[in-house]
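Enquirer: When you read off a place in the sequence shown, starting at 1, and then add 1, the result is the number in my numbering.
Since the hints were derived computationally from the structure, they do not count as laboratory data. Small disclaimer: the values here were computed from a predicted structure and weren't measured. Do not rely on the hints blindly, as some may be mistaken.
[As the list claims (entries may be wrong)] Under the rule of at most 30 Å between Cα atoms (straight-line distance), these lysine-lysine pairs were calculated in the DSS-like manner: (1) LYS103 to LYS20; (2) LYS205 to LYS18; (3) LYS120 to LYS20; (4) LYS205 to LYS103; (5) LYS120 to LYS146; (6) LYS18 to LYS146; (7) LYS20 to LYS205.
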Amino acid sequence: MLLVFGCGVCANLTLEKSKGQGSGWVNIAIGWGFAVTLGVFTATTLGAPQGDLNPSVTFAKMLVGIYTFPQFIMTSVVQVLGGILGAAIVWLAYLPHWEETKDPAAKLGIFCTAPAIRKMGPAFLCEFIATFFLVFVIWMIFSSKFAYGFPGLNGAADGLGPYIVGVLIWALGLSLGGPTGYAMNPARDLGPRIAHAILPIAGKGGSDWGYAWVPILAPLCGAGFAYVVATALGAFA
């Protein structure tokens, strides 16, 4: 669900002769925010009580004790598989537009991220920072210490959490998305990158595997550091 709406908004804004072509970065950020909200609702309704769509978030929850290590691995594998499927659905939805679009890099950008300035160190740092704030703020949103000033209300109200997280994704895109496209999610990047590699996309180029390690490793490191900082500040006490 995340990647149908996420890769879908990228395709709509990028592909030639799409009615949304050229709509701009603000719409990308909004689309991904909506994609996360809809994905969380769907995952939760279909039996995943944590509503996880992101191995970085799952990894952070493992550190807190919500998941075991095997559960983290299995959940991450399923998240990647979901990313492959979602990207494949977008490819089908925009099937005649791939041949009309001549730029292979533009097509790849619909599926996965790439740095605006190709320097691995700064790209890693940006993804690390963005994912730190993703995970850290999620914990602030759902903290039992946060009650809107109303007695008896602990954390985000029932049903409200996915909307707030969607706003967080929107905000991260607007503020920190420019350097790398703000993957923050190994499954969001790796799953569609695999789909790009295996699908018969008209006129596609390479899948840029030389960069693929950054949106996998940096988000996991950022999530781990968010756990360290949140623990030091007493967020889980």
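Enquirer: For a quick check of understanding: which of the numbered hints are violated here, in increasing order?
Expert: Violated hints (numbers, rising): 3, 5, 6; every other hint is consistent with the structure.
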